[in-house]
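Asks: Residue strings, one per chain:
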Amino acid sequence: MHNPQLHSDGRLKHLLSIEGLPKRILNDILDTAETFVGVAEREVKKVPLLRGKTVCNIFFENSTRTRTTFEIAAKRLSADVLNLNVSTSSQSKGETILDTVNNLIAMHADMFVVRHNQSGAAHLIAQHVPDHISVINAGDGRHAHPTQGLLDVFTIRKYKPDMHNLRIAIVGDVLHSRVARSEIHALTTLGVPEVRVIAPKTLLPTDVEKLGVHVFHDMRAGLKDVDVVMMLRLQNERMSGAMLPSPQEYFKTYGLTQEKLHLAKPDAIVMHPGPMNRGVEIDSSVADGMQSVILPQVTYGIAVRMAVMAILAGGGQA
Amino acid sequence: MKLLIQHGRVIDPANQMDAILDVYIADGKIAGIGNAPAGFKADSTINATGLVVAPGLVDLSVRLREPGFEYKATLNSELQAAAAGGVTSLACPPDTEPTLDEPGLVEMLKYRAKKLNLAHVYPLGALTRQLEGKSLTEMCELTEAGCVGFTQADYPIVDTQVLWRAFEYAATFGYTLFLRAEDPYLAHGGVAHDGEVASRLGLKGIPAAAESLALATRLRIAKETGTRLHIARLSTAEGVELVRQAKQQGLAVTADVSAQHLHLTEMDIGYFNTMMHLRPPLRTQRDQFALCEGLKDGTIDAICSDHSPVDDDAKLVPFAEAEAGASAVELLLPLALKWASQQKLSLTDAIASITLKPASIMGVPAGTLSVNACADIVIFDADEYWKVEASHLKSQGKNTPFLNLELAGKVHYTLVEGIITYQQHSSN
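Taken in sequence, the protein lines are chains H and S.
Quick note: the first sequence uses the numbering used here, first residue 1, plus one each step.
Quick note: the second sequence uses the numbering used here, first residue 1001, plus one each step.
One or more hints might be untrue.
Just a few of them, taken from the derived set where beta-carbon distance is under 8 Å, the chain H residues facing chain S [what the hints assert, rightly or not]:
1. Pro4
2. Leu6
3. Ser8
4. Arg11
5. Glu19
6. Gly94
7. Ile97
8. Leu98
9. Thr100
10. Ser119
11. Gly120
12. Arg142
13. Arg181
14. Thr202
Quick list of simulated restraints, FRET-style, between CB atoms [unchecked claim]:
15. Lys158(H) to Glu1132(S): 53 to 61 Å
16. Tyr1185(S) to Gly212(H): 30 to 38 Å
17. Ala1252(S) to Gly10(H): 58 to 66 Å
18. Asn102(H) to Ala1252(S): 53 to 61 Å
19. Tyr1071(S) to Lys210(H): 34 to 42 Å
20. Ala1408(S) to Gln127(H): 51 to 59 Å
21. Val1158(S) to Lys45(H): 54 to 62 Å
22. Gly191(H) to Gly1068(S): 43 to 51 Å
23. Glu1097(S) to Met276(H): 45 to 53 Å
24. Tyr1071(S) to Asn102(H): 42 to 50 Å
25. Glu1097(S) to Pro296(H): 55 to 63 Å
26. Lys210(H) to Asn1372(S): 37 to 45 Å
No wet-lab data here; the hints were simulated from the structure.
Cβ coordinates follow ideal geometry from the N, Cα and C atoms, glycine included.
Bound conformation, chain H alone:
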């Protein structure tokens, strides 16, 4: 089946999911991001790669953090940026996703950054835009959040450059997490030999092992000797009900504490895609501790998003 993310010559056309992208493209994005890390430290925090282009952030689902980082990334590339919060306007008036998109196409947007609460929304849009427009998936339902997956592996590569010699654990609500899916595909594609997922059975997708991960239900066993601990956010509405009895019990069984972190390698790093629930999935002392790289993740997120936009626009490095 033709991969809708790639041009016929194998170049990146859209970024919709990490799954199905060759290692070469992932490395290209990460290497390009490397050149953008320094831009933020310059006096003029701008490069002209997207000058004259219009990037349109279409958010059908609320988000401050992700939208902001995309906005900053586009602006540092000198693009004009248009932010659209559709969740509160057109959709409630019966306009379809494609109506919204077609309107923006008519306004000559060049690139769409899309977030939607339904899996596959970015694919749908990518199928219906004209050839010169690129679509970046900024999160679709439970499916994918590829730039988050990329910024996570970028962060890991910064601290643990030898990807072929790592043991990594992803902890928490994998079932509902587009971040986890993108992380898993990014890590396995880049050749990380052991990716673990740690969660109760109620928060794991069926046949998750077929994604190439090792499943642990006991957090202590799962954290043993890992190099990286990637925590996932637990949505409020899942904290008590048929999935989990209470946030307290969740913290006890799957929350990351200093004591549990000691089971990992002494130099293990701790990551979280944010926003965190302190005291539910992660203890504050860990989140703010020596091993935490949660804030660098945010910083690198901008460089990675700049790299994705630059590559999609056909441009090179800083």
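Once you have looked at the hints, place chain S on chain H.
Replies: This is chain S only, laid out in the frame that chain H set:
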């Protein structure tokens, strides 16, 4: 009006007939096969050389969308589609607006279908009022109005007590229940088979157990109440096995599978192809294999199209929001032929599964070319390939997973009561 169909290969599973014979039609009935009735003089003749002459197809589930959903399809458009597909008798489910739960609505539908005279339309009545699963409909009245059985379409009966009473009441009068087997809680919000593909795509899954649990309940109640039960749209290997065991125990149960599920799996969803959003969901290759085998060994009695036309917009949305269903009545024949050829079965087997067998489940006089039977006939080329194109489909719904595929089996003529209702448009 006398019609002669000459030189065709007549296949009639009911009479174990497969031979080159002439078919004589008079007054809307089969007047003779092979030998002309005394004094027969044809008013017109169809030359069926190289073509198969078979009983008109019988389809267990065709959504006509009227009343209420004319923006998806109309009685006229879908009965034209049925005729183009060679379908001459069909059952239509009651999930219309209003629901077919009152005799007047059923009579009106039958009357309007009769006026079009493109196919025999046999409504399935709602088993419960508004399909809400709470109180029973007037089944006797509905039967008098023309219903051939009762169903919940895709709606559940959550309360097992109501389910039990519905079985008992239907059994009192010998009515057949056409039910899907799906646990409403396990299926809630699900849009794809709960397995690897749904996990990868981040789609909410419906586990195979949703079918087997509900199936076990229905079979158990049928056994207790002696109700004639038809299981609609089996989708799992385990479901096939449960029906197989029930039949071995002598239960009066029959089952069907949709033509889509014989040929597609969850893998066909690809990158969120909404044409593959079906109900029940497409399942694994192992399930698909079991469905094909189950149909072959008689565990599954019939193939139906599960025709569900939807408007284009309903599929131009994210996968989970897309309306489930496929427009399929025009593909029933080629998809049945494809199954039979893959299983190395005869044309007779393929035709039986879409004529004789569904007719017997519905309890209607159709699906055979016996002398004096109603002259409902399809004449087709079994080997002619044609490309499934939206512009050529008669159905208002262009939502088929088989779009742009080439399929073998082209209908040349369809006759209802001896009258040509469809004739292949010849290009010259």
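Asks: Look at each hint and say if it fits the structure.
Replies: Structure-based check of all given hints:
The restraint placing Pro4(H) at the interface with chain S holds, with a minimum CB-CB distance near 6 Å, inside the 8 Å limit. Nearest Cβ of chain S to the Cβ of Leu6(H): about 12 Å, over the 8 Å cut. The hint is violated. Because the beta carbon of Ser8(H) sits about 16 Å from the nearest beta carbon in chain S, more than 8 Å, this interface hint is broken. The interface hint given for Arg11(H) is violated, since its Cβ lies 18 Å from the closest Cβ of chain S, which is over the 8 Å cut-off.
The interface hint given for Glu19(H) is met, as the beta carbon of that residue sits about 7 Å from the closest beta carbon of chain S, less than 8 Å. For Gly94(H), the shortest C-beta to C-beta distance to chain S is roughly 11 Å, which exceeds 8 Å, and the interface hint is violated. Checking Ile97(H) against chain S by beta carbon gives a least distance of about 7 Å; that is within 8 Å, so the hint holds. About 6 Å separates the beta-carbon of Leu98(H) from the nearest beta-carbon of chain S, less than 8 Å, and the hint is met.
Given hint, Thr100(H) at the interface with chain S, is violated; its Cβ is 12 Å from that chain's nearest Cβ, farther than 8 Å. Against a cut-off of 8 Å between C-beta atoms, the interface hint on Ser119(H) holds, since the closest Cβ of chain S lies about 4 Å away. For Gly120(H), the shortest C-beta to C-beta distance to chain S is roughly 3 Å, which falls under 8 Å, so the interface hint holds. With a least beta-carbon distance of about 3 Å to chain S, the hint placing Arg142(H) at the interface is held under the 8 Å criterion.
Against a cut-off of 8 Å between C-beta atoms, the interface hint on Arg181(H) holds, since the closest Cβ of chain S lies about 6 Å away. Evaluation of the Thr202(H) hint against chain S yields a violated restraint, the C-beta minimum of about 13 Å exceeding 8 Å. At roughly 59 Å, the beta-carbon separation of Lys158(H) and Glu1132(S) lies within the given 53 to 61 Å, and the hint holds. With their beta carbons about 31 Å apart, Tyr1185(S) and Gly212(H) fall inside the hinted range of 30 to 38 Å.
Against the hinted window of 58 to 66 Å, the Cβ-Cβ separation of Ala1252(S) and Gly10(H) comes to about 59 Å, which satisfies the hint. The beta-carbon spacing between Asn102(H) and Ala1252(S), approximately 55 Å, falls within the hinted interval of 53 to 61 Å. The supplied range of 34 to 42 Å is met by Tyr1071(S) and Lys210(H), whose beta-carbon atoms lie about 41 Å from each other. Checked against the given bound of 51 to 59 Å, the beta carbons of Ala1408(S) and Gln127(H), roughly 30 Å apart, lie outside it.
In this structure the supplied range 54 to 62 Å holds for Val1158(S) paired with Lys45(H), their Cβ-Cβ distance being about 59 Å. For Gly191(H) and Gly1068(S), the hinted distance range of 43 to 51 Å is not satisfied, since their beta carbons lie about 56 Å from each other. For Glu1097(S) and Met276(H), the hinted distance range of 45 to 53 Å is satisfied, since their beta carbons lie about 48 Å from each other. Range check, Tyr1071(S) to Asn102(H): about 21 Å between beta-carbon atoms, so the 42 to 50 Å window is missed.
For Glu1097(S) paired with Pro296(H), a C-beta distance near 57 Å keeps the hint of 55 to 63 Å intact. Here the CB-CB span from Lys210(H) to Asn1372(S) is close to 58 Å, at odds with the stated 37 to 45 Å.
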